[in-house]
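Residue numbers (the working numbering), protein chains in the order written: chain E, 33 to 327; chain H, 2 to 242.
Just so you know, these hints were derived from the structure itself, not from any lab. Hints should not be assumed to be uniformly reliable.
Computed from the model, here is a short list of chain E residues facing chain H with C-beta under 8 angstroms [what the hints assert, rightly or not]: (1) Pro90; (2) Met92; (3) Leu105; (4) Leu111; (5) Thr149; (6) Asp153; (7) Ala290.
Glycine included, C-beta positions come from ideal geometry on N, C-alpha and C.
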Amino acid sequence: MEPDETKATGPNKIAGEGTPRQEGQPAQENQPPAMDDSSVAQPSSGQTSAEPPRILNPQMAERKFAQVSRRELLKLAPLLALGAFAIPGAQEWLLKKGLGFSDWASALMFRRGHLATTFADSALTPFEKFPINDYDVDDPGVIFENWTLTVTGLVKKPGDYKLEQIQSLPLQRQNTRHVCVEGWDAIGRFGGTRLSNFLNMIGADTSARFISVTCADDYYESLDMATALHPQTLLCWEMYDRPLTREHGAPLRLNIPAKIGYKQAKYLTDLKVTNVLNGKVGYWEDQGYSGFYGL
Amino acid sequence: MSDAVIEITRAKGDETEVVARAVYEHPLPVRICHWLNAISLFVMAGSGLQIFRAFPSFGAKIPQKDLLNWPKAFAIGGWLGGALQWHLTFMWIYIATGLVYVGYELFSGNYRQVLFTRRDLPGVWPMVRYYLFFGPKPEQAEVYNPLQKHAYTTVIVLGALMVLTGFAIWKPIQFSWLAWLMGGFHWARLWHFILMWAMLGFVLGHLVMVILHGWNNFISMFTGWKITGWKRTAWKRGSDG
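Between the sequences and the hints, there should be enough to build the whole structure, so can you do that?
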């Protein structure tokens with residue numbers, strides 16, 4: 033927008049096109065004294081104080097002013113595009129895009145080497161007060177003797193892995209905060225092995241994009257590789273130094289302090305290393321929750 | 002400064018009379034940011050309250066003590082997942098308009114019109130007296146009086162704190178220092194909630210003042226131009242100098 037010519041002051045003379053602008057306008061000289069506190073836009077203030085005060089307001093015909101105002105109003109018209117959020121079909125699409133953008137930004141913010149805060153034992157939520165959340169049943173009735181973790185996808189050694197094999201990997205115990213999407217959180221003590229250890233064991237292609245898991249209760253989840261390789265991401269078989277109880281996901285669950293609770297699937301039965309999720313990101317994600325949800 | 006003043010004239014026979022003055026108070030970027038921010042604030046508060054409904058407490062999950070049961074009718078999103086979609090979409094509009102606004106104010110020098118500084122302090126008490134009906138109306142030379150400047154400056158700080166507490170809840174690990182500054186994850190969530198009510202308090206006061214100041218003031222946030230001093234008798238020859 034260029035500064036407009038609005039000096040027309042004579043009778044019946046219509047002021048120039050467009051909007052008067054602040055800089056260098058004669059109008060400045062006709063303003064109340066306190067306006068002088070502005071240190072800008074008063075280039076000739078030193079001289080004007082010597083001159084007698086002049087009244088030099090630009091003038092504009094009423095009709096012209098109405099036109100100018102209307103034009104200014106119309107410049108806001110693009111904001112009406114937000115009205116698209118009121119159209120049911122468009123709304124769904126737009127919100128999906130918004131959530132997608134948030135997920136994209138979240139992945140950028142994630143730092144693989146940055147650890148979640150760990151807590152002293154005294155800060156732990158007592159085990160009996162650690163909430164149990166599931167989408168269906170507390171205990172899907174896993175038969176422990178027959179249980180294996182079935183590994184498929186981009187790995188050198190696919191197959192069924194017994195719990196003892198997984199537990200032969202280095203044990204890591206950590207007191208970390210578990211944050212639920214609902215808004216509550218609890219600090220728990222979790223034990224297991226780094227998922228990265230297991231990925232190493234099965235010869236996973238860590239340049240693949242995702243780890244996807246399915247569970248005994250038909251819950252399913254997926255995890256980006258960067259978070260899967262995070263040093264606090266565990267294949268977890270212990271809580272509070274004791275084997276997982278059934279309602280907390282026995283015999284094996286994910287414990288991912290860097291992710292929201294619903295990504296930390298329980299009662300694991302299958303693990304796949306893959307580049308495609310075929311629209312199956314996770315049980316809650318596929319209903320509209322964030323797919324990345326890193327903390 | 003955006004204090005361009007013009008006189009609005011009306012042709013009357015051979016002569017032209019000044020019938021009103023108009024001040025260009027709100028540059029286009031400010032108006033755009035104002036309305037985008039207002040809309041996004043509305044969505045953020047509504048969806049935020051729907052998110053809050055999922056766990057309306059600031060204590061432990063077990064046992065859960067609810068703080069208040071916010072009615073669903075005054076919330077946006079319908080369910081937790083839907084509300085999060087609204088929240089995580091409009092927060093970017095909220096942040097962007099905030100940044101563009103502050104950037105524009107600093108760059109253009111327009112902040113002088115709005116920013117509350119030490120120089121505004123002496124004017125605070127007279128203005129409070131006036132608003133509380135026991136003092137005369139102080140003379141006002143600037144676009145905004147000291148209390149307005151105070152409110153508009155405070156609300157920028159509030160907005161920034163809303164974003165920071167929001168990030169502390171959303172990314173308590175990546176921004177662990179933020180969560181720490183706020184006193185931990187729980188406090189960050191509580192601050193976010195308290196600040197929202199402070200923000201809504203501002204909005205309420207703002208709306209009351211807009212209503213009290215009338216149509217010309219309200220419309221200026223759309224056109225940029227605020228019409229002052231209509232001379233209603235101006236059409237009568239010789240009624241104004």
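Quick check on Met92(E) please, does its C-beta sit within 8 angstroms of some C-beta on chain H? 5 angstroms, holds
Using 8 angstroms as the Cβ threshold, decide whether Ala290(E) counts as touching chain H. 6 angstroms, holds
Does the CB of Asp153(E) sit less than 8 angstroms away from some CB of chain H? 18 angstroms, violated
With chain H as the partner, please determine if Leu111(E) meets the hint condition of a C-beta pair closer than 8 angstroms. This interface hint holds because 6 angstroms falls under the 8 angstroms limit.
Thr149(E) was flagged as interface toward chain H. Is the shortest Cβ-Cβ separation under 8 angstroms? 6 angstroms, holds
Was the hint right that Leu105(E) lines chain H, CB cutoff 8 angstroms? 5 angstroms, holds
Given a cut of 8 angstroms on the nearest C-beta pair, is the interface hint for Pro90(E) held or broken against chain H? 5 angstroms, holds
The structure fails hint 6 only (numbered hints given earlier).
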